[in-house]
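*Asks:* Take a look at the letters that make up each chain.
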Amino acid sequence: MQHIHISAKQRPFDLCLGELWQYRSLVWLFTRRSFKVSYMQTILGPLWLIINPLLTSLAYVVLFGNIAKLGTDGVPQLLFYFSGHAIWSFFSSCVSKNAATFTSNAYLFGRVYFPRLVMPVSYVLSDLIRYGIQMLLVLALLFWYALHGMVTPAWGAWPLLPLVLVQLGVMGMGVGVIVSSLTTKYRDLSILVDFGMTLWLYATPVVYPLSAADVGLRRLLLINPVTALIELYRHILLGVGQLEPAPLIWSWVFTLAVALAGILIFNRIERTFIDTV
Amino acid sequence: MDEQELALRIRGVRKQYRLGVIDRRTLQAELQSRWALWRGREDPNRRIGSAEPVNRSFWALDGIDLDIRRGERVGIIGANGAGKSTLLKLICRITAPTAGEIDIWGRVSSMLEVGTGFHREMTGRENIYMNGSILGMSRDEIDSRLEEIIDFSELRAFIDTPVKRYSSGMFVKLAFSVAAHLSSEIMIMDEVLAVGDMAFQQKCLERMRRAADEEGRTVLYVSHNMSTIRQLCDRCVVLDHGRVIFDGDTERAIASYLDLSLGENEVDMDLREKSHQNTGAETGLRMTRLCLEGRVNAVYASGEPLCMRLSLTLTKPAPPLHFRLTLRTEADVGLATAWSKPFSIEGTGDRTVRLTLPTDTLAKGCFYASIGVYRSDEIGRMFPLDHLSRAFKFEISGAPVWNTDAHGFLRLPELKAE
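Residue numbers (numbering that gives the first Met the number 0), protein chains in the order written: chain A, 0 to 276; chain B, 0 to 417.
Since the hints were made in silico from the structure, they are not lab data.
Be aware that a few hints might be false.
Stated by the list, open to error - Pairwise CB distance ranges, derived in the manner of DEER restraints:
| # | chain 1 | residue 1 | chain 2 | residue 2 | range |
| --- | --- | --- | --- | --- | --- |
| 1 | A | Thr41 | B | Glu250 | 53 to 61 Å |
| 2 | B | Glu140 | A | Trp157 | 54 to 62 Å |
| 3 | A | Leu62 | B | Lys163 | 33 to 41 Å |
| 4 | A | Ser103 | B | Val295 | 27 to 35 Å |
| 5 | B | Gly333 | A | Thr41 | 56 to 64 Å |
| 6 | B | Pro304 | A | Ser103 | 43 to 51 Å |
| 7 | B | Thr328 | A | Ile128 | 54 to 62 Å |
| 8 | A | Leu138 | B | Glu140 | 55 to 63 Å |
| 9 | A | Ile128 | B | Glu213 | 38 to 46 Å |
As the list claims (entries may be wrong) - SDA-like cross-link-like pairs, simulated, lysine to any residue; straight-line CA separation at most 20 Å:
| # | chain 1 | residue 1 | chain 2 | residue 2 |
| --- | --- | --- | --- | --- |
| 10 | B | Lys163 | A | Thr41 |
| 11 | B | Lys163 | A | Ser33 |
| 12 | A | Lys35 | B | Arg124 |
| 13 | B | Lys392 | B | Arg327 |
What the hints assert, rightly or not - Cβ-to-Cβ under 8 Å is the rule here; a few derived chain A residues that face chain B:
| # | residue |
| --- | --- |
| 14 | Ile5 |
| 15 | Arg10 |
| 16 | Gln21 |
| 17 | Ser24 |
| 18 | Ser88 |
| 19 | Thr102 |
| 20 | Gly109 |
| 21 | Ala258 |
| 22 | Asn266 |
| 23 | Ile273 |
Each residue gets a CB set at the ideal place from its N, CA and C atoms; glycine is no exception.
Working from the sequences, and respecting the hints, build out all of it.
*Replies:* Below, the structure written as structure tokens:
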């Protein structure tokens, strides 16, 4: 028979991954649910997964490509913006959904127990699936343009792609969880999240290539740990992008630090946050 | 005790809550206060005139030790704020204790407050699956119980509707069905039956009893409704101010809980200290003591007569006395008054009168009783010699199918149908 021991003492780094594995069907349930809820009362349904980023990318083509003339390292504009938007929305959605973990699930968390980590994991999973669906269009564009010799992907580096995704997912979850832990105490932070993510977008070479910035600005942009990852992603996918070891290492260090801090804070908050929400 | 028999072991559990608003502050206010304190100024966010710091704390649970064996049906009673819900929350792992340890053998399905762990956007059916997954059941296991759950909930027509559109009664029905039929070893029910209709209440109580007796599951049940506690529980724990003050036989637990809420001596009351409406000095009559005859508690079954012994002190010869008993409901609404026939007492000194009130008309509920001694004039007007409001409280534990909200407190004489 299952034995549960509850103690006032906490183990700060214990993630209870074994328990999370036991609850995998719940993770899957929440993941499926997030799709169902988003497209339940719409006419086009899951097509919005493609239409939405496509329209945004077209807007980018007009705004940044043709009016601001930011340049795309020679990559066809639609492909450049669409692939960039896909990976950025994966990351930013990880952050903002996780940032609302505690506040938006207070009702459920207040009535029933399951490992609270189920929620962040299912958020990342559903964002990953969203990204995967958008990736289908990216691949179609990519093959089309590659056949016409307009883009030369670094095919050999493709096995690295999952690593980039995992790292972005972990970083997004870490940042989001830290914010969410703070929002249980200070509600005004949740208002800042949307604004912060917009700022972060412009500090990241998503709608422009890093090469468009001059040396000083580039150094500044590389402080942003997402920058190096986006450039790596672009190198893999499109065969362009600036690859330097130092920013990549910084990005890894940042991810690790954020993940550890996230776990630490999450474990502390999840035990008693329901008393303060 | 042998660990094999235990379902739950609680050792030295304490839970602290903070009073005040510190945790709902905005970041700005927090920074403001810190800045002011750092500069040695007064905290601008403190209430003027409040000397105490904002973040006072209190112990919702203050050292709980409890062993519950497998298959027991344990009731948990106590006044509001005694710590009942906090205890259940800790056992369900909704929140963590501040000190102490809890061991649970088996899976816990719970229904806390109204509604259980339901996702409001999901349909009834999906919520059944979600709750099953939460208990670690596989899809096949849940499938095998789905029909049973839907049948019990009486909600077949609405099972594919999102639960956010459910009425509170439907919510409770589904929540109970889910908690009662999923395979858990321990069932925790908090005030579950307050919303459902009477027939469903009885069905739930029966189901919980069966879960314990036939399936060997452990039931923890919190309620303010003593008659459902009586029906269901074979053991009862009384909490008061975060401590266990009684643990054992249900009847005695209920009695000790009622003692707690009524004052120490609710069956034998010294009336001299209580505030009389008429001082009685010049009327020459004063009630001194009231005793509920042959009782250990003031809980009566419906139809059981209320027998009282009232002691009086007379300092001068009294006219024929009219005794009066007035009942008010718990919500302090006047309900009914009973008068005695004129009763003559010879001489002066201490006397004891026996008063008996049939309670056939009282269906169910808690009542405050005022008691008085009156004299009448020639045209039948009554004048108090001594009167005491809310002298005591008693409960009529009527049939559970009597719903005082719908039916009232009194049972009128039989309705003749011809």
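*Asks:* Now tell me, hint by hint, if it's right for this structure.
*Replies:* Outcome of the hint check:
no., hint, in the structure
1, A/Thr41 <-> B/Glu250: 53 to 61 Å, "holds (59 Å)"
2, B/Glu140 <-> A/Trp157: 54 to 62 Å, "violated (41 Å)"
3, A/Leu62 <-> B/Lys163: 33 to 41 Å, "holds (39 Å)"
4, A/Ser103 <-> B/Val295: 27 to 35 Å, "violated (52 Å)"
5, B/Gly333 <-> A/Thr41: 56 to 64 Å, "holds (59 Å)"
6, B/Pro304 <-> A/Ser103: 43 to 51 Å, "violated (58 Å)"
7, B/Thr328 <-> A/Ile128: 54 to 62 Å, "holds (59 Å)"
8, A/Leu138 <-> B/Glu140: 55 to 63 Å, "violated (40 Å)"
9, A/Ile128 <-> B/Glu213: 38 to 46 Å, "holds (44 Å)"
10, B/Lys163 <-> A/Thr41, "holds (19 Å)"
11, B/Lys163 <-> A/Ser33, "holds (16 Å)"
12, A/Lys35 <-> B/Arg124, "holds (14 Å)"
13, B/Lys392 <-> B/Arg327, "holds (9 Å)"
14, Ile5, "holds (4 Å)"
15, Arg10, "violated (12 Å)"
16, Gln21, "holds (6 Å)"
17, Ser24, "holds (5 Å)"
18, Ser88, "violated (22 Å)"
19, Thr102, "violated (12 Å)"
20, Gly109, "holds (6 Å)"
21, Ala258, "violated (23 Å)"
22, Asn266, "violated (11 Å)"
23, Ile273, "holds (5 Å)"
Figure legend: structure checked against the earlier numbered hints; hints not met, in rising order: 2, 4, 6, 8, 15, 18, 19, 21, 22.
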